[in-house]
Structure formats: structure tokens, C-alpha cells
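> Now for the letters of each chain:
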Amino acid sequence: GQNIDQPTEMTATEGAIVQINCTYQTSGFNGLFWYQQHAGEAPTFLSYNVLDGLEEKGRFSSFLSRSKGYSYLLLKELQMKDSASYLCAVRPRGGSQGNLIFGKGTKLSVKP
Amino acid sequence: GAGVSQTPSNKVTEKGKYVELRCDPISGHTALYWYRQSLGQGPEFLIYFQGTGAADDSGLPNDRFFAVRPEGSVSTLKIQRTERGDSAVYLCASSLGLLGTEAFFGQGTRLTVV
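Sequence lines, in order, name chains A and B.
Sequence positions in the first sequence follow the working numbering and run 1 to 112.
Sequence positions in the second sequence follow the working numbering and run 1001 to 1114.
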């Protein structure tokens, strides 16, 4: 079966660093995405990993280990506006470009 | 337009009625996707268009759901004989159609079946 696991909720302090983990079990692998979704709004793209390693983009970094079926999203210098849900999504091998399997999302609350 | 536009933003319909949800993708984006999202869940894939054709409709839950994209731009998701379980936010996204390129989501249509 297809399964994406992420923590349901996390809390962190403004200015700190937080790591949101995602583990997946899918029928093969053809890329992993992270999206940010503020309450009541559309998801917005954060990162894409298809090879092992770390991808850095400003305050956000995403890591992938295909052998472990594991990814994490790292957010540095947290700001209040980073309070949102963070969605991990995997494209399984053989799946079409749009056929992403999403996790339920991790709701991050940033406190002052 | 500047982004993906979905109309209506909210739709309340009675059980058994027919509804159409519209998606206007970003100009020039050949790929278009429909997802639906229930409260507390991640988006669930429904269908993917490349141009005018449905490249993958494996996510459509049953034959009450149908989507078209006749000219390769605007798409309409059609739901017949709506059921209360169809209540969700229906999200549309578009992209340039290349693997790995980011998909831009619309604000969604919140469908409530009463």
C-alpha cells in the first residue's frame, strides 16, 4: 500500500529551528515534494527532492534518503508567519506527473 | 491570469444535485490537476490533464465524477448525483508539465452537500 507519515502537530519558538520529518512507503519512488498550507488557503510549493541529499533554499532546507524512505524539512530562524501546515507528498514510480500521494500534514505553531 | 483561478469559491448544494466546478489555470501551463481535500487531511489526487486529454484519471472515486478540458486551458470538474460524502475543498493546480516543476494551486472550491 501507499503510506506517508508525518507528525500531526509541532510547536516551536520564534527565531528557533524546527525539523519536520516524513517517512514514506510507496510503490517505488519518483520524487518528493514539500508544500506549505496556511489555514483556509491553497498549498504553496516549498521544495522538490529526487536524489539523496540536502536541498537548501533560504531559510528552508529539505533532505531526502531514498534507502530509508525518509525526508525532513528544516525551517531556520522561525517567524510567526511560518505557522501553517506542512505537507509531504511523494510521486510513486509509474505514477503520472500529477499523481502525488500526500501525507496528512504537520500543523506547526510558532510561539513568540 | 496571475494565478490559478477557481470558481465558485463556495458551493452549497442539495444531495442528489449536479454541480460543476471551474478551474482557470495559469496561462501557458499545459498540465492541470484536480485534487480534493477533506478537513485535517492532505490533498487526494483525482485527475491529471496534459493538454486536452486526461493523462491519468485513476483518482476519480466513481463514475459520478467527470472532468473535461476541451481546449487545453479551462477545466471543469463535474459531479453528478452529489452525496454528503462529496463535501470537501476541491483544489485545482497547474504546471508547465515537466517532471519536478512546481504546481501552483488555486484557492479551491469548498463544496458542501446538504
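Just so you know, the hints here were simulated from the structure itself, not pulled from any lab data.
Don't take each hint at face value.
Claimed, not checked - Cβ pair distances, simulated, as ranges:
id, chain 1, residue 1, chain 2, residue 2, range
1, A, Lys57, B, Leu1096, 29 to 35 Å
2, A, Ser27, B, Gly1040, 39 to 45 Å
3, A, Lys111, B, Glu1014, 29 to 35 Å
4, B, Pro1008, A, Lys57, 32 to 38 Å
5, B, Asn1062, A, Met80, 39 to 45 Å
6, B, Glu1102, A, Gln2, 20 to 26 Å
7, A, Pro112, B, Tyr1018, 26 to 32 Å
8, B, Thr1076, A, Lys57, 41 to 47 Å
9, A, Asn21, B, Asn1062, 31 to 37 Å
10, A, Asn21, B, Thr1013, 37 to 43 Å
11, B, Gly1016, A, Asp5, 46 to 52 Å
Claimed, not checked - Residues from chain B that keep clear of chain A, each with C-beta distances beyond 10 Å, as calculated:
id, residue
12, Val1004
13, Thr1007
14, Lys1011
15, Gly1016
16, Arg1022
17, Ser1027
18, Ile1047
19, Ser1058
20, Lys1078
21, Arg1081
22, Gly1085
23, Ser1087
24, Leu1091
25, Gly1097
26, Gln1107
27, Thr1112
Since we're looking at a predicted model, the values are computed, not measured.
Every residue, glycine too, gets a C-beta built ideally from N, C-alpha and C.
> Take the hints in turn and mark each one as holding or not.
Hint by hint, here is what the structure shows:
Between A:Lys57 and B:Leu1096 the C-beta distance comes to about 19 Å, which lies outside the given range of 29 to 35 Å. Restraint check, A:Ser27 to B:Gly1040: a C-beta distance of roughly 25 Å breaks the suggested window 39 to 45 Å. Separation of A:Lys111 from B:Glu1014 is about 43 Å and departs from the stated range, judged on CB atoms against 29 to 35 Å. With their beta carbons about 34 Å apart, B:Pro1008 and A:Lys57 fall inside the hinted range of 32 to 38 Å.
At about 43 Å, the CB distance of B:Asn1062 to A:Met80 agrees with the hint of 39 to 45 Å. Taking 20 to 26 Å as the suggested C-beta distance range, the pair B:Glu1102 and A:Gln2 conforms, at roughly 22 Å. Between A:Pro112 and B:Tyr1018 the beta carbons are some 49 Å apart, a value that contradicts the proposed interval 26 to 32 Å. Between B:Thr1076 and A:Lys57 the beta carbons are some 35 Å apart, a value that contradicts the proposed interval 41 to 47 Å.
A:Asn21 and B:Asn1062 have their C-beta atoms about 35 Å apart, which keeps the hinted 31 to 37 Å range intact. Restraint check, A:Asn21 to B:Thr1013: a C-beta distance of roughly 39 Å satisfies the suggested window 37 to 43 Å. At about 37 Å, the beta-carbon gap between B:Gly1016 and A:Asp5 misses the expected band of 46 to 52 Å. Distance check on B:Val1004: its Cβ comes as close as 8 Å (rounded) to a Cβ of chain A, failing to clear the 10 Å threshold; non-interface status is violated.
B:Thr1007, annotated as away from the interface, keeps every beta carbon of chain A farther than 10 Å; the closest lies near 14 Å. Chain A leaves B:Lys1011 outside its interface by the beta-carbon criterion, the shortest separation being 16 Å against a cut-off of 10 Å. Listed as a non-interface residue, B:Gly1016 keeps its Cβ farther than 10 Å from every Cβ of chain A; the least gap is roughly 28 Å. With a cut of 10 Å on Cβ distances, B:Arg1022 stays outside the contact zone with chain A, its closest approach being about 15 Å.
With a least beta-carbon separation of about 18 Å from chain A, B:Ser1027 lies farther than 10 Å from that chain, consistent with its non-interface assignment. A Cβ of chain A approaches the Cβ of B:Ile1047 within 10 Å, the least distance being about 8 Å, so the stated non-interface status is violated. The non-interface label for B:Ser1058 is inconsistent with chain A: the shortest C-beta to C-beta separation is roughly 7 Å, within 10 Å. Every CB of chain A lies more than 10 Å from the CB of B:Lys1078, the least distance being 18 Å, so the non-interface label holds.
Every CB of chain A is more than 10 Å from the CB of B:Arg1081 (nearest about 26 Å), matching its label as outside the interface. Under the 10 Å C-beta cut-off, the non-interface status given to B:Gly1085 relative to chain A holds; the minimum distance is some 18 Å. For B:Ser1087, the non-interface assignment is confirmed: its Cβ lies about 16 Å from the closest Cβ of chain A, beyond the 10 Å cut-off. In this structure B:Leu1091 is not separated from chain A by more than 10 Å, as the shortest Cβ-Cβ distance comes to only about 7 Å.
Remark: the non-interface label on B:Gly1097 conflicts with the geometry, its nearest Cβ contact in chain A lying 7 Å away (cut-off 10 Å). Not every Cβ of chain A is farther than 10 Å from the Cβ of B:Gln1107; the closest lies at roughly 5 Å, contradicting the non-interface assignment. Residue-level check passed: B:Thr1112 sits 15 Å from the nearest beta carbon of chain A, beyond 10 Å.
Checked against the numbered hints above, the structure breaks hints 1, 2, 3, 7, 8, 11, 12, 18, 19, 24, 25, 26 and satisfies the rest.
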